[in-house]
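Enquirer: Can you make the complete structure from the sequences, with help from the hints?
There are 2 protein chains.
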Amino acid sequence: MAAHPVSPLAPKSYPELPAISGVRFATAEAGIKYKNRTDVLLMAFDEGTTVAGVLTRSKCSSAAVELCRENLVGGVARGLVVNSGNSNAFTGMKGRESVRYITRVAAEALGCAPSEVFIAQTGVIGELIDASKFDGVLDETATRMNTLPWIEPAKAIMTTDTFPKLSGAVLEIDGVEVRINGIAKGSGMIAPDMATMLSFVVTDMPIAAPVLQALLARHNQTSFNSITVDSDTSTSDTLLAFATGQARVEPIQSLEDPRAEIFGQALSDVLFELAIHVVRDGEGATKQVSVHVEGATSDESAFRIAKAIADSPLVKTAIAGEDANWGRVVMAVGKAGEPADRDRLSIRFGDLTVARNGERAAGYDEAATSAYMKGEELELTVSLGLGEGKATVYTCDLTHGYITINGDYRS
Amino acid sequence: MAAHPVSPLAPKSYPELPAISGVRFATAEAGIKYKNRTDVLLMAFDEGTTVAGVLTRSKCSSAAVELCRENLVGGVARGLVVNSGNSNAFTGMKGRESVRYITRVAAEALGCAPSEVFIAQTGVIGELIDASKFDGVLDETATRMNTLPWIEPAKAIMTTDTFPKLSGAVLEIDGVEVRINGIAKGSGMIAPDMATMLSFVVTDMPIAAPVLQALLARHNQTSFNSITVDSDTSTSDTLLAFATGQARVEPIQSLEDPRAEIFGQALSDVLFELAIHVVRDGEGATKQVSVHVEGATSDESAFRIAKAIADSPLVKTAIAGEDANWGRVVMAVGKAGEPADRDRLSIRFGDLTVARNGERAAGYDEAATSAYMKGEELELTVSLGLGEGKATVYTCDLTHGYITINGDYRS
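In order, the protein sequences belong to chains A and B.
Under our numbering, the first residue of the first sequence is numbered 748, with each subsequent residue one higher.
Under our numbering, the first residue of the second sequence is numbered 748, with each subsequent residue one higher.
No lab work stands behind these hints, which were simulated from the structure alone.
Be aware that a few hints might be false.
When chains are identical, the list treats them as one kind, so a pair holds in a single copy or across two.
Dumping the calculated SDA-like pairs for lysine to any residue here, alpha-carbon to alpha-carbon at most 20 Å [to be verified]:
(1) 806 / 1039
(2) 841 / 1107
(3) 1121 / 1151
(4) 759 / 1124
(5) 806 / 1128
(6) 806 / 1107
(7) 806 / 1136
(8) 841 / 1109
(9) 806 / 755
(10) 1137 / 1100
(11) 1137 / 760
(12) 1137 / 968
(13) 1137 / 1084
(14) 1121 / 1037
(15) 780 / 765
(16) 841 / 1110
(17) 780 / 1070
(18) 841 / 910
(19) 759 / 1122
Given the structure is predicted, the values throughout are model-derived calculations rather than measurements.
Expert: Right, here's the structure in full:
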């Protein structure tokens, strides 16, 4: 994949995430697809680490996803191995054997059981990975493990990403400082209704696997499941959360524990920030767009309408052209197939109402709207006037950059 | 809308459709959006003309669509008025009044009842049309009605289309020649699951309105409802069929009449050719792609998978790049949410099998596949190996041209 210019929406700086007790990591060059490029991440977790995960709902999920699904049942983790360059997806029985082989090599390097090792792979689909490339590499990597800096694993998992994605939260629980660090990768093949891309979150909070799983699934809904770049969903989407449990507080054993709510909110913040980073690194993106739908008959209905708007190529190209083309928004509302009454429908860009009750708004200010559309972060709100349902989906615009990245093989 | 280069997939010539007894037409310049541009089509049907229609399922359908829905109940037609430049969609109560006004003006010009006049409008959404622009214009147009040439109405209804779309069939029923002529417009905001764009078909076959309606709905499924350019669906999609009944044969009164099948097949051919013209004029299209799905658990399931593939921006950009990227096809199969077993899945481009039983096919010929992808008309076949269900969806590639047409307002 050729190098592409860094997204204009990239952050100006990256957070220096703190070490988290109970996790160490190192990266390596295994030459999976390219030479002289970091393409492997190995993480080691101390004994007692619980794990939760949300995986792609694709009917053609990758071998790595299937293995994670299997190992999540145990609820404990000692290792994570991630590679870029080859997703090993759609590689049949041989693909399944290869991920088993790689996790066995990792388990030996880390001194744990293969069922305690998780794996994620990203890159080309349909080519069997050469599992022997991990021979020796993981052993050697395991001798160099460290707790810092977190930008290193964030960089190691990048593919078409133009910037590394990190987010962290520090919160106090029972007077003790608890940490949550997260990294993510993804910029194309990104759509809601799935776990979307790769993301790994580590905390030192002691928390039972089923509680972590419940919180992760809940907050995934409003973060990774609420973004779309191109409506396409990967076969390898993986979100894993690891809790080393080394913070010296009583473990959270149940969702009824009031601390679950507090911890969940911090987890949610980290997931949300990572998800927004993914949108802002959307292939070819020049604008970040929040699509709010309110007044729908239910939250689910609002979500489907927001997704129809955020997925619409015509809406996204209009935004690229800085055109407040609310006619295309109406079109997308109409095609969602959800209850909508044209004559109650209102549309705002930012605070500027462009349509009210099914007609161009009286006092619509074209100059102000045009000025607003030049911004880098846009808010688009559709009020249906039918009920209390609401939802937000986050997306980016659709530009020549997307076509260049995904279609210009001949150039 | 700026003029765009004619699609490279435009036909080399246009059919010279014959006159159809019982229908006359003329076009006019009403200055609806631009000066000096034909933007109105008026058609007049002789007494005894039956009518059927398939209209957008958009929840925000236009005023013209709503009026057609109302008038279709009567089953008879004397007039059709079509304008480009303004779709009059999302214009509330005033929009409804304006289409009533326009059909009244048309009815006076043609000497019939307003309930016998059908209307279709295409162009910008959300701006109330100035109905007074039709005053005098339709009266005058009605004095110039003719039976030929059919390319004239085909041109009058174009918007971002780069070529006019016509198709005709002549068949023999009971030893008598029966004619079917069709025209269509559309190149963006095109997706299945709706009637899609504007299309008008006229025949001299005497056929009862309910029978015509049943045949139109059935054959719309495998033509206009099986194409997609950009997955976006218009608020104004309209397909109307008019039967003047002037061919000297006994009328078809029931679907049980064996001639219904014969007539339906010819109608189907006309609808299909028009639908393919729309795909070939897809905004920015450089390739026409037929996506076949076979071996699905049902035809409906096959259709949803084919549509997921045909709608996928990643598949469409890969095709633009002449890359037989079957990994992206697998991704699209996976995201459709329909039953699919990776290990039974096979994928062919043309006759070239690239993947078989969940893996790259033994004997995959990269050079031959690359050569095939340079073609202008491509066939992509996915075999699921699960059942007997099959479907085909027709689409085009996704290129810089699409972005330029829909997003480059600033240029």
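Enquirer: If a hint holds in the structure, say so; if it doesn't, say that too.
Expert: So, going through the hints one by one against the coordinates:
In the homo-oligomer, the alpha carbons of residue 806 and residue 1039 lie at most 20 Å apart only across protomers (19 Å), although the nearest pairing inside one protomer, at 29 Å, exceeds that limit. For the homomeric pair residue 841 and residue 1107, the shortest alpha-carbon distance between copies (11 Å) is at most 20 Å, but the shortest distance inside one copy (59 Å) is not. In this assembly of identical chains, residue 1121 and residue 1151 lie within 20 Å of each other by CA distance solely across copies; the values are 18 Å between and 23 Å within a copy. With identical chains, the CA atoms of residue 759 and residue 1124 are at most 20 Å apart within one copy only, with a shortest distance of 15 Å there and 46 Å across copies.
When the C-alpha separation of residue 806 and residue 1128 is checked against a cutoff of 20 Å, the pair qualifies only between copies, where the shortest distance is 18 Å, while the shortest distance within a copy is 33 Å. For the identical chains of this complex, residue 806 and residue 1107 are inter-copy neighbours only, at 18 Å across copies versus 43 Å inside a copy, given an alpha-carbon limit of 20 Å. Proximity of residue 806 to residue 1136 under the C-alpha cut-off of 20 Å is restricted to the inter-copy arrangement: shortest distance 17 Å between copies versus 30 Å within a copy. Taking identical chains as interchangeable, the C-alpha atoms of residue 841 and residue 1109 lie at most 20 Å apart only when they sit on different chains, with a minimum of 14 Å there against 64 Å within one chain.
Taking identical chains as interchangeable, the C-alpha atoms of residue 806 and residue 755 are never at most 20 Å apart, the minima being 34 Å within one chain and 37 Å between chains. For the identical chains of this complex, residue 1137 and residue 1100 are intra-copy neighbours only, at 18 Å inside a copy versus 46 Å across copies, given an alpha-carbon limit of 20 Å. Taking the shortest alpha-carbon separations for residue 1137 and residue 760, neither the intra-copy value of 33 Å nor the inter-copy value of 52 Å comes in at or below 20 Å. Only within a single protomer do residue 1137 and residue 968 lie at most 20 Å apart by alpha-carbon distance; the minimum there is 14 Å, versus 34 Å between protomers.
Taking the shortest alpha-carbon separations for residue 1137 and residue 1084, only the intra-copy value of 16 Å comes in at or below 20 Å, while the best inter-copy value is 25 Å. Proximity of residue 1121 to residue 1037 under the C-alpha cut-off of 20 Å is restricted to the intra-copy arrangement: shortest distance 15 Å within a copy versus 39 Å between copies. For the identical chains of this complex, residue 780 and residue 765 are neighbours neither inside a copy (31 Å) nor across copies (61 Å), given an alpha-carbon limit of 20 Å. When the C-alpha separation of residue 841 and residue 1110 is checked against a cutoff of 20 Å, the pair qualifies only between copies, where the shortest distance is 17 Å, while the shortest distance within a copy is 64 Å.
For the identical chains of this complex, residue 780 and residue 1070 are inter-copy neighbours only, at 19 Å across copies versus 41 Å inside a copy, given an alpha-carbon limit of 20 Å. Taking the closest pair of Cα atoms, residue 841 and residue 910 never come within 20 Å of each other, the shortest separation being 33 Å inside a single copy and 50 Å across copies. With identical chains, the CA atoms of residue 759 and residue 1122 are at most 20 Å apart within one copy only, with a shortest distance of 17 Å there and 45 Å across copies.
Hint compliance for this structure: hints 9, 11, 15, 18 are not met, and every other hint is.
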